[in-house]
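**Q** Below are the chains, spelled out letter by letter.
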Amino acid sequence: MRANTWAGRNKVEVRDVPDPKILNSRDAIVRITSTAICGSDLHLVDGYVPTMQDGDVMGHEFMGEVVEVGSGVTADKLRAGDRVVVPFPIACGACAACAAELYSCCENTNPNAGIAEKMFGHPVAGIFGYSHLTGGFAGGQAQYARVPFADVGPLKIESDLTDEQVLFLSDILPTGYMGAEMCDIRPSDVVAVWGAGPVGQFAMDSARVLGAAKVIAIDKEPYRLRMAEEAGHIPINFDDADVRSKLLELTGGRGPDKCIDAVGLEATHGSAHIAAYDRVKQAVRSETERPHALRQAILSCRSGGVVSVIGVYGGLLDKFPAGAWMNRSLTLRTGQCHVQRYMKPLLERIERGEIDSTRIITHTLPLDEAERGFDLFKNKQDNCEKVVLKP
Amino acid sequence: MDLTATTTVRKSASQVYAFWRELENLPTFMAHLEQVRATGDRTSHWVASAPFGKDVAWDAEITDEVPGERIGWRSTGDADVPNAGTVSFVPAPDGVSTEVYVALVYDIPGGSLGKAVAKYFGEEPHQQLDDDLRRFKQVLETGEVVRSDGAPWGKRARKEFPQRPAQPLSDAELTKGAEA
Ligand SMILES: NC(=O)c1ccc[n+]([C@@H]2O[C@H](COP(=O)([O-])OP(=O)(O)OC[C@H]3O[C@@H](n4cnc5c(N)ncnc54)[C@H](O)[C@@H]3O)[C@@H](O)[C@H]2O)c1
Ligand SMILES: [Zn+2]
Ligand SMILES: [Zn+2]
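Protein sequences, first through last, are from chains A and B. First residue of the first sequence? That's 2 in my numbering, and the numbers climb one at a time after it. First residue of the second sequence? That's 4 in my numbering, and the numbers climb one at a time after it.
Calculated from the structure, these hints are not laboratory results. Please note: incorrect hints may appear among the correct ones.
To be verified - Quick list of in silico lysine-lysine cross-link-like pairs, DSSO-like style, CA-CA up to 30 Å:
#1 A/K282 - A/K379
#2 A/K391 - A/K157
#3 B/K14 - A/K78
#4 A/K12 - A/K381
#5 A/K221 - A/K282
#6 A/K119 - B/K122
#7 A/K345 - A/K391
#8 A/K215 - A/K381
#9 A/K215 - A/K78
#10 B/K179 - A/K22
#11 A/K119 - A/K12
#12 A/K247 - B/K118
#13 A/K345 - B/K14
#14 B/K118 - A/K119
#15 A/K119 - A/K320
#16 A/K157 - A/K282
#17 A/K12 - A/K391
#18 A/K78 - A/K157
Please put together the full structure from these sequences, using the hints given.
**A** Shown next as structure tokens:
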């Protein structure tokens, strides 16, 4: 089959690879009809998340048709012909983490748990197409994928919603939603979202759905800010304005009650000397992240507020504003999304028309053009917000 | 050499105990074991696999047993690598799970066998046992050892690092299976 693979730092390549086969009894093989490129893929391609290997099949946002199930998957759960969206964390459904609906922390699905434990203190779940640290599972930017624990994760789509309407239930819609949910939003809340990428856009929409009074979008790409504005959110361009002052101005001097970091470890910074500091530290590996958005969110948040982090971090960061966090009673909440927890309720919101998940799609390309898709998305060319690939 | 490791399994102590007491189950999750065969009520025959340098076999007997709580065993006769172990099963505070505590003692001989055994356990010998228990938990909670494209051969995962790419296996690789 054809699959988009990691081919070294800053390089992806669509190659011919073997078709996936059943390896565990609760596997299914899915013929992929739609898949997408995510901001997390950029961290992998840029080499910030370690343990990628040449030839790794990328991609963790995909859906399609079940073509085969293992002997351990009963027909009432899943059978050939079913149309499914596959959540990106692989979860067993039986461990204590799964019982607590902490699916991305599943204790059983990462064959490389020992390595993850060294890095993170405790292991994390397996994830499709997301380095060997999270298991070494082939991903979904491909014609077919093997889906372990197929009787637990995949969401069956039984209505005639289009792929485009439901594809993002695999990751970014639940992720944006979890970002907003972790904020415990009250009707009087002003919510500021750093990053107007696909995840940020869905965090903004979710904050509104959850009842926020006002939602602010922070980015530097005018077209992404325009997209947020068209959806009813208030834009701040950090290249043109001092973000903290602008936030004070928009909140009567209080600062946003809730702040969401939807940027992660590759944030860029308007201020050259701070950016240079992190670049140097990152280059000598004494810091792995560039946490500008996170720092700014902590400093900007109103006292007693919540800083909700859905942007991905992989290692160590510097100059964490612990003083602001501690002295002003801020709550920091975070996580890889527990997608399985949100798929059904969000599908219902899509069916009721409360969330339009298609509004962020700017490019649809054949899988064979994945490399161009990565280029457009990473370099913000041609007003690219989200790329859907068709195998 | 003394090794200890612990894990928590989301099953009752009697279930977790019963699985371990069925000694034939041990090779499904313990990387170095090829086979364990019960030879009597409390006696058994153990075969360790090639990574030990050569196949090593020994007899063992259960020396201490409290159903649902504890099993203790030791090798008998003139085992190449005399060893003993205990495993205890303690109900966890959540009222559902069981804490599993394992302690193993190996009497590592001199000579080439001793060297092979030391090499096998490497610089962080407890990791082997940690991984064994991780798989023990997988088998009990999910039914089998989880495989990925990068680590397709179950209990050999750590030996496979750096791994094959996270890319589906070819038919030839699948037929051939794991390298010994
Ligand atoms: N927690 C999860 O489960 C989960 C799931 C999916 C994605 N993610 C992460 O979410 C983040 C966003 O994903 P995406 O697909 O939207 O990626 P993206 O790269 O398209 O979006 C990031 C946006 O942040 C903007 N940005 C950069 N520096 C900034 C700064 N200092 N302040 C404000 N904005 C800044 C960029 O211009 C870009 O528009 C990534 O880190 C991704 O890995 C997390
Ligand atoms: Zn993603
Ligand atoms: Zn689990």
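**Q** Each hint should be assessed against the structure and marked as holding or not.
**A** Going down the list of hints, with the structure as the test:
1. A/K282 - A/K379: This hinted pair holds, its Cα atoms lying about 23 Å apart.
2. A/K391 - A/K157: Distance of about 20 Å is within 30 Å: holds.
3. B/K14 - A/K78: 23 Å, holds
4. A/K12 - A/K381: It holds: about 17 Å lies between the C-alpha atoms, which stays within 30 Å.
5. A/K221 - A/K282: 23 Å, holds
6. A/K119 - B/K122: Satisfied, since the Cα-Cα distance of roughly 21 Å is no more than 30 Å.
7. A/K345 - A/K391: Given pair A/K345, A/K391 holds - Cα atoms ~24 Å apart, limit 30 Å.
8. A/K215 - A/K381: Status holds; Cα separation ~27 Å.
9. A/K215 - A/K78: 41 Å, violated
10. B/K179 - A/K22: At roughly 15 Å apart (the allowed maximum being 30 Å), A/K22 and B/K179 satisfy the hint.
11. A/K119 - A/K12: 27 Å, holds
12. A/K247 - B/K118: 67 Å, violated
13. A/K345 - B/K14: 28 Å, holds
14. B/K118 - A/K119: 27 Å, holds
15. A/K119 - A/K320: Judged against 30 Å, a Cα distance of about 23 Å means the pair holds.
16. A/K157 - A/K282: Violated. A/K157 to A/K282 sits at ~46 Å, over the 30 Å cutoff.
17. A/K12 - A/K391: OK: A/K12 and A/K391 at ~20 Å, within 30 Å.
18. A/K78 - A/K157: 9 Å, holds
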